[in-house]
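Take the given structure of chain A and dock chain B to it, following the hints.
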Amino acid sequence: MFRIGVDTGGTFTDAVGQLEDGSWQIVKLPTTAQRPSKAILAAVDQLAPASSVPVEMVHGTTHATNALLTGKLGKVVFVTTEGFRDLLAIGRQDRDDVYALEPSASRPRQPPQRIVEVKERMAADGSVVQKLSATEIRRVVEAVKAKKPEAIAVACLHAYATPLHEKKLGRALRKLGVPVMLSHEVAPEIREYERATTTWADASLAPVVRRALLDLLDGLKAKHHASTLRIMRSDGGTAAVEAAVEHPVTLALSGPAGGLSAALALAQARGDAQIMTLDMGGTSTDVAWLDSALPENRPISVGRIPLLARGLPIHSVGTGGGSLASVDYGGLLQVGPESAGAIPGPACYGRGGKRATVTDAHLLCGRLLPNAFLGGDFPLQTSAAMEAVEKLGRSLNQPAALTAQQILQIASADMERALRQVSLAEGRDPRDAMLYSFGGAGGLHAAWLSERLGMRGVVVPPLAGAFSAFGLLGAPPRRRLTRSVLRDLPNARARKNLFTPYISQLKQELKNEGCAPRSLKVKSIVELRGQGQAGVLSLQDGPKLRERFHALHQKRFGFSRPDRPVELHAISVQVDGTTIAPWEKQKTRKQNAKSWGSGRCWFGTCGQDQETQYFAREAMRPGAVIHGPAIITEYSATTVVPPRWTAALDAWNCLTLLPQS
Amino acid sequence: MDRRTRCLELPNPAAAIMKRQSHAALHVFRHLFASVTDEMGFALRQSAVSPNIKERLDYSCALLDASGRLAAHAAFIPVHLGSAHHTVPEVLKDMDPQPGDVIVLNDPHRGGTHLNDVTVVAPLFHGKIRLGFLLNRAHHADIGGAEPGSMSGARDLFGEGLRIPPVHLRRAGKDVPEVWQIFQANVRDPYSAQADLLAQCAALHRGSLRFTDLVQRYGAKEITSAMADLFDYGSRFARKLLSDWPKQSVEVSDTLDGPGTPLIKLKLQIQKGKLHLDFTGSSAQIPGSWNTHRAVTTSAVFYVLQALGKGALPETSGTLNAVSIQLPSASLVDSQAPSGVALGNVETSQRLVDLLLQALGKLFPGQYPAASQGTMNNLLFGGTRADGTPFVHYETLAGGAGAGPHSHGVSAVQSHMTNTRNTPVEVLESELPLRVEQLSLRKNSGGRGKHRGGDGMIKAFTFLQPVRLTVAASRRHSKPPGSNGGQDGKLAFDSIAQPESPFRRLPPGESVLLEPGGRVRIQTPGGGGWGKPK
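Residue numbers (my numbering), protein chains in the order written: chain A, 306 to 966; chain B, 2 to 535.
A portion of the hints provided could be inaccurate.
Beta-carbon label-pair distances, calculated as ranges [said to hold, decoys possible]:
1. B:Q217 / A:K860: 17 to 23 Å
2. B:S226 / A:S700: 20 to 26 Å
3. A:Q845 / B:Q185: 36 to 42 Å
4. B:H478 / A:A405: 25 to 31 Å
5. A:R866 / B:K248: 25 to 31 Å
6. B:Q185 / A:G315: 51 to 57 Å
7. A:G904 / B:T213: 15 to 21 Å
8. B:K248 / A:S700: 25 to 31 Å
9. A:A598 / B:N445: 54 to 60 Å
10. B:E179 / A:K860: 29 to 35 Å
11. A:P870 / B:R172: 26 to 32 Å
Since the hints were derived computationally from the structure, they do not count as laboratory data. Remember, it's a predicted structure, so these values are computed and weren't measured experimentally. Just so you know, even glycine gets a beta-carbon here, dropped at the ideal spot from N, CA and C.
Looking at chain A on its own, in the form it has when it is part of the complex (with noise of 0.2 Å):
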C-alpha cells in the first residue's frame, strides 16, 4: 500500500506521499478545473512508485463545493407539500447586502418548471393533516418522470417530525432509478428552507459528484489494481468514496476540513484541549475555533446558501495574500476585497501586476526572502513590488516603507476581527487557545495575531504549505448525523433509547468499509437550549447533564437560568474509525538551529525593526531552538519568529512559537 493525501485547491492540487527511506514527498501542480482528476493522476505518477502496488488515496476536494457556486449541476426535480412551490426561490426572504440599491438574494435555482408539489400534510406534532393518498403518488410519478430527471429532491413539511408520506414518495420514486434525495434521511432538522436546500444541493450534486470521484478511482485502478479511495467530509472525517458519493452534499466542505481535521489531530496528541486555526491563502482567510476533545460541527453554508449538512465551524474573510490595496474616498488606505487572484496575482510575481498586494507588503518588509520562495523555485521581483507600494505611498503623500507597513497592520487587523468573531463574540477565551497556523502564508502573520489575541503561542504543523494534503493521511474514518428532537430534557435512559438505532446504523456502515467493530468510538453528543432560546449548546451526553449546561450557558452567554426547563433540541451520533497518522512521536534533543543568513526584517506590534537570522525548516531536527527574532523558511511556506519569542520544533514535528516570558 502506498498512502497519498491530495488537497484539490481553487489554484494548485497539493499531494503528499511518503518515500521509501520514511520522508514525506509533496507535488505541486496546478489544478485542471475540467478534470480535476487528470492533475491527481498525474500528481500520483510523481510519487508513487511501481504500477503494481496498490494506492491507498485519501482526497479532499473543491469539486462539491465549486459546483454549487458554479451552478454546474444536475437536472433535479423538487417535490414538496402542496402550497410551498416555491420554498426555494422565497427562502428567508433577506437580501444579502442591505444597501444595495439593486439587491440579490442568494436562493438556489430551481427552475420552476421542475417543481412538483404533492397533496399531503404534517403537523408539527407529527400527526397527518392530509393523508398521502396512494392515487397522488401514482400522480407524481409520472409528473417527475415526465421531466426526465437526473436525481430527484423531496423535502415535505414537518418530515424531520414524522418521515412516514416521504419514505412513501421514496418507495415510489426510487423506482425511476435516479438518486432520490429524502429531506428527513439527509438533514432531519426542523427549519423547512434550510433542510430543502440541503436536499435540493445533496441531489443536484449527485450526478455530477459521483461522475467525477468515480472517474477518479477508475484512473487510479487503471495504473495501481486494487487502489483504494476515500473522500473528506465536511465534518473532519473521511468515508470510501461509494459511500460519499451517496450523500455528496457531506463534501460542501471536503477542501477546508482537510487541514482543520489533521490540526485537531496534532492537538489531542499534544495536549493542546482548544485551537483556533489560521489558514491564510491568497484569496481569503479561513478561521475556526475548536475544542479538540468535542470539536463543533454546524450549520455551513456555501454560495450563501444555508446547508444542514453540518461541517467544522469554518469562518472565511477575504483578506489574502493576493488582497489589493487601494484608498477610498475618505482617504483612507484599504486592503481588499479586491484581490489580484493567481493571475496576474501580486506584483512581485512578475506576471504583470501593477497593485500593491499583502504578498508585496511582506516582501518590502523582509518577511519573504525573495528567494526561498516555493524552495527557490520561483523568485520574487523586490524592484515590481516597490513600484508597486511607492505608488500607492505617493497617493498617501508618504513613503513606501510606510504604506508597505500600514498595508500588513491592516491585513492583519482583518484578521484579527475574524478571530475575535470565532472566539471572543461567542464567549470563548482566546488565552486558552494556541493557534495553529498553515498554508504558505499564515506564518507571516500567526505570533502577531497570537500576541494581539493574547493567546498561548503558535503551532506550525509539519509540511506547513501542502498540510491540507498532508493532514488527509490522518482524519478517521467518520459517520455523524444530527436530528431535532424538540422536548423537555428526557431522563438518562430515555435519552439512550434515542441514541441507540442510530449508533447501530452508523456503526454498521463503518463495519461495511472494513472498519474492526472494536475499533470504533461512539459520541453520543446532545444539543441543548434553555426553554424557547435560540442559543443551542453541544454537550456529551452523560451524567450531570442539566449542571453542565447551565454551567457552560453561564460561560458562553453570561448568564444561566438553573430556574428555566432545559429542551433538548437535537442529537448528534459521531462513531470514529481509526486511521495510521502520518506522524508519530520522536525523540527530541535540544540543541540551537544553524541560520544560513541574515537580513533586516521589520516585526510590527512584535518589535522593532532588525536584523533577523534566516533557518531552513527542513535542516531542523526535533527539539531545535531558535531565538527570535528569526525568519524560518520551508518549501511554500515562511514562518516569522519575532523579537522575544523563541521557536523549538516539537517531538511531533510541529514548529512551536512562544512569547518569551
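For chain B alone, coordinates are given in the frame of chain A:
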C-alpha cells in the same frame, strides 16, 4: 430661522486628515469596536426567546462615543441604526448614568423609534470618566396598547402601548424591580418580554466587558480619539462622495395610504458637496400611527447615504455631516407627542426612501431603480393557546424589489429599511396554534419593463384558536411606481375568511376577530419595472 422649522445640522468635523491616528490604527480600532458589537449581537440572539428576535433577527447593537455619536454597530436593521445617535443625547438630558446602570426607553420622542423597539443603554466608564455608551434595540412583538402587536387601532401614542421615557432598569448593577414590574404588567406575553429584555441586558454586559478590555489595553485616550477619528472619517467620506455632484435642485412629492392620503414633499438640493433636504410643505401630523419623527426621518436619509456609498461608506453618524435636513414641526415627518408613530417606523420610512430615490432619479435620469414594494406588510395577531398561555406574533412580509438600470428586480425580498427574515413555517407551527397553508410567489405582480420588477408573495394562514388580527401596511391604494418607462408593480391585497365563509377584503389597519378555522391571505406588492417594455 423660521419658527416652524428646525435645522438638524450636526456640528462641523475637525477637517484634519488622519492627523491623530494613522491609517493602520484607524482600521485596528474600527475592527475592535465592531468586535464589541459583534459580541453583543451574538449574546442577544442566543439568549432571546421570541421568534421575532431569534429567528427574524429584528434587533441591532451599537457602540457610541461619550456624546452619543455612532462609532460601530452590528446586525443591522437600517431604521434602528440611522436613529441610534439620537438616543444618548435624550438620556443625558436629565440623567447622569453611572457605572453598572442600564437605562431603558422606547419613547419615540425621547431617543426611541416606535414603542415596540425597546432600547437599553449602558454607559462605559474608565475610572470616573465616561468614554461612551453601548446600546441595543430589539423589536418586542407586543408592547401593550389597543391590539395585539401594538401597531394598529390607536388614535395616538397612548393607544400604541406602554411608553417608557429614559428610566433606570438597573442601578449600579442591581435591577430596579418596579420598572420590570411595570413593564411586564403592560404587555400581552410577559414571560417572553421579560426573557428578551434580560437577553438585551446580558448583551450589554458582554459588550461592556469587552470594551473594558480594550481600554485596559490601549488606554482611554487612544480609544476616545479613535472614536472621534472614525466620526471625522465618515464625514470626510460622505462629503467626498457628494463633491463631484453638480449643483442642482429638484422637487418631488408622494402620498401615503393613511387616512386622508397625507402628503410628503421634498426639495432636494446639492451644493458644495452637501445635500440639503427640505420637507417643508408635507402634511401636518395626523391621527393614527402613520407619523414619523425626527429620528426615523433621519434614519431614512442615513440609509440612502449608505446606499449611495455602495456599502463602502463607514457606518458612523459622521456621514450625516454631509446632509442638512429641514423638517416642518408637528408634521408627518417630524411629529410631536402625543401623535402615534408605530407605522411611521415601518411604513412611512419606506415611503421616505422611495421619495429620496425618486428625487435622485430625476437629477440623474436612468441611474436609479424603480420603487420596491414600499411597505413591510406588517402582520400582527394574538390570542390564547389551548393551554391558556397567551401569544402574540409579529412578522413582516417580503415583496417585489424594483427593477434597476442593470437588473430585474428580485422577487420575494425585503427592501430598503428592513431586512428581517421570515420565521420558518415549521417553527411557527411548533410554537403557535396555526397552520400556514400557502407560501408562494405572486406571479406577474412585478411591473413590466425592459427590466421586470420583482414579484410579490402570497402567504396564507389558518388559525386553530381565536385570534385578533391586523394587517398594517401600505401600497394597498397606490402602486409601487415604475421608472424610465417601466410599468408599476401590482397593488397588495389582503383578505380574510371566517370558517365556512368566503374570503372578503381586509382593509389595512382594520382589526378582526377570527374564529378557529378562520383564514387570512396576504398578497404583497410587486416592484416597479424599469425601462420601456419590449
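Tested hints:
Checked against the hint of 17 to 23 Å, the pair B:Q217 and A:K860 passes, with Cβ atoms roughly 21 Å apart. The supplied range of 20 to 26 Å is met by B:S226 and A:S700, whose beta-carbon atoms lie about 25 Å from each other. Under the hint 36 to 42 Å, the C-beta atoms of A:Q845 and B:Q185, about 37 Å apart, fit the expected range. The supplied range of 25 to 31 Å is met by B:H478 and A:A405, whose beta-carbon atoms lie about 28 Å from each other.
Range check, A:R866 to B:K248: about 60 Å between beta-carbon atoms, so the 25 to 31 Å window is missed. The hinted range of 51 to 57 Å is satisfied by B:Q185 and A:G315, whose Cβ atoms lie roughly 55 Å apart. In this structure the supplied range 15 to 21 Å is violated for A:G904 paired with B:T213, their Cβ-Cβ distance being about 41 Å. Judged by the Cβ atoms, the range 25 to 31 Å given for B:K248 and A:S700 holds: they are separated by roughly 28 Å.
Remark: the range hint 54 to 60 Å for A:A598 to B:N445 is upheld by a beta-carbon distance near 56 Å. For the pair B:E179 and A:K860, the supplied restraint of 29 to 35 Å holds, since their beta-carbon distance comes to about 31 Å. For the pair A:P870 and B:R172, the supplied restraint of 26 to 32 Å holds, since their beta-carbon distance comes to about 31 Å.
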